[in-house]
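Protein chains in written order, with this note's numbering: chain X, 4 to 329; chain C, 449 to 723.
Some clues are possibly wrong.
[Stated by the list, open to error] EDC-like mimics (lysine to aspartate or glutamate), calculated; alpha carbons at most 16 Å apart, straight line:
id	chain 1	residue 1	chain 2	residue 2
1	X	LYS146	X	GLU97
2	X	LYS252	X	GLU269
3	C	LYS478	X	GLU97
4	X	LYS225	X	GLU85
5	X	LYS252	X	ASP301
6	C	LYS478	X	ASP33
7	C	LYS478	X	GLU165
8	C	LYS478	X	GLU269
Hints in this document: simulated from the structure, not taken from any laboratory.
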Amino acid sequence: MCAVRGLGKTYPAVRGRRGAPGTPEVRATDDVTLDIRQGEIFGLLGPNGAGKSTLVRQLTGLMRPDAGSVEILGHDIVRHPERAARILAYLGQESSALDELTVSLAAETTARLRGLDLRDARAERDAVLDELGLTALAGRPLKKLSGGQRRLACVAAALVGERPLLVLDEPTTGMDPVARRAVWSAVDRRRAERGTTVLLVTHNVIEAETVLDRVAVLDQGKVIACDTPAGLKEQVAGEVRVELVWREKPPLDVPEVAALRDRAVESGRRWTLRLAPEEARVAVATVTGGAAFAALDDFTLATPSLEDVYLALGGNARSAQGLVKA
Amino acid sequence: MTVVSADVLPSGPLAVPEAAGTGAAELGPKARLWPSMAAVYRAQLSRARVARIPLLFVATFQSVGILIMMRGVVDGGSHDAQFVVAGSSVLVVAYVGLNLLAQYFGQLRGSGGLDHYATLPVPPAAVVLGAAGAYASFTVPGTVLTALFGCVLFGLPMGNIWILAAVVPLAGAALAGLGAALGLLAPRPELATLLGQLGMSGALLLGVLPADRMPDAVRFLRDLVPSTYGVEAFAQTFGAHPDWALVLGDLAVCAGVGVVSLTVAAWAYRRAAVR
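Produce the complete structure using the sequences and hints provided.
If you want it as structure tokens, here you go:
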């Protein structure tokens, strides 16, 4: 239903001014090719700066690509960007257009601007607020809500008025588990009843694994992999992730620990290692017995996640820390 | 793209028959100009309750303050007094319509908030007109209050004060249109704020003081500021025998500037929304 071919966007280099260093030319999206199928929840996963938001802006007609084509439900979005608004609903990261409205008016106004007449807009508004559990907050301005509640109100605005494609840029940021569940069940219901397709931008690997049908992994503007979460994880099935948290300092005087250090990604007191199952067993035996155990605060042993896939596919280790695992 | 036959889907937009020939799916409805403008207007008006009340108070307080200050310099009932009262009243429109709207659109553009409107099938004119209309409406109580207070303070007749019903919307269109255009064209929000402030200062300095004593260069500048025509129109009506043709002419200038600036603002919106 959505075909992207050879999409590219390069931000020009910015010359430094007094005191401020310049930035080099950035290829935000680099020859991106994707096919999103009808009725699936398709994810774009990557750390900040990977090009997810640029790609989404190009798909929603908010930004003209330098090269390539975007076709949604048979419409050429590069040539007719204004048609995007009549095919899809977009939830951006910014809520400043709605901040000073009440939850109820934000949803109603958005519905009206999506072409619904007053009666339909109000009926849709009531239904969506009820579905997301926002009815009690309907009269409160978005500005006065907590971050997660405000995000939920923005989701409500995105869901009013039917659209065959929902483009959601990190919809559940800051939400508690109850609100998250409400969002995913509302999305699932639309998919089951109307065949709605969802394009989801996320840097939360756990969420990506649980809700996505397929995921494209982005790194520095390129799609480095595209498959189901399970399919991607098979690529690193031979590995086990070991996380070690030291109390203060790692006991480098233990030779086995010193040897592990070369293979660990260090982040404060935490070491993350990707090891073959046999190696992992030996490593765990080492740190849980003898001198090293006194220095150990916590350890976990887990099957690989999409974060490991990202690293295995060549994503760099520092950017991987931008992926959220909660 | 995956082809799914229409009968496997439940009723909904996807079950709508595809547009003939092209193979492209039918598009959702467009929002029509007037209903969407009304929706934007209503939403913007409701923002007043949350965020704008203190600013409206400031706008009125500022104009009333100017009236009191000028009372020490200008005699009651004089020709100059007519300009002071008219200028202070229109200043409320300039403060809210020009300054605050420029700031609002500047911030909306800077923060990415325009994306929300840009991904809805709404005509640019509806967003601009709805917001400009709401901001012009915010000014009504302050303008009326200032005019009444000024009439009492300077001993001017109140018989023709109804002309505000034409001055506020037309000067409002001109100044709010200018504010919207400046806010949407400014590359940075701070610049939008600066331009809005400058515009309001222009309206203040050039509108409140009587034109007769100004040097030619300043008078020329005064003629370039759209609020001047609102002030002139309103000031005329305090006379014993107002020249209604002149009043209409001044109001027509306001309307003309309003049409041009709102058109520019709608164009600037489209440009700012799709980068």
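Structure-based check of each hint:
| no. | hint | result |
| --- | --- | --- |
| 1 | LYS146/X <-> GLU97/X | holds, 12 Å |
| 2 | LYS252/X <-> GLU269/X | holds, 12 Å |
| 3 | LYS478/C <-> GLU97/X | violated, 23 Å |
| 4 | LYS225/X <-> GLU85/X | violated, 26 Å |
| 5 | LYS252/X <-> ASP301/X | holds, 13 Å |
| 6 | LYS478/C <-> ASP33/X | violated, 33 Å |
| 7 | LYS478/C <-> GLU165/X | holds, 13 Å |
| 8 | LYS478/C <-> GLU269/X | violated, 53 Å |
Consistency with the previously given hints fails for numbers 3, 4, 6, 8, ordered from lowest to highest.
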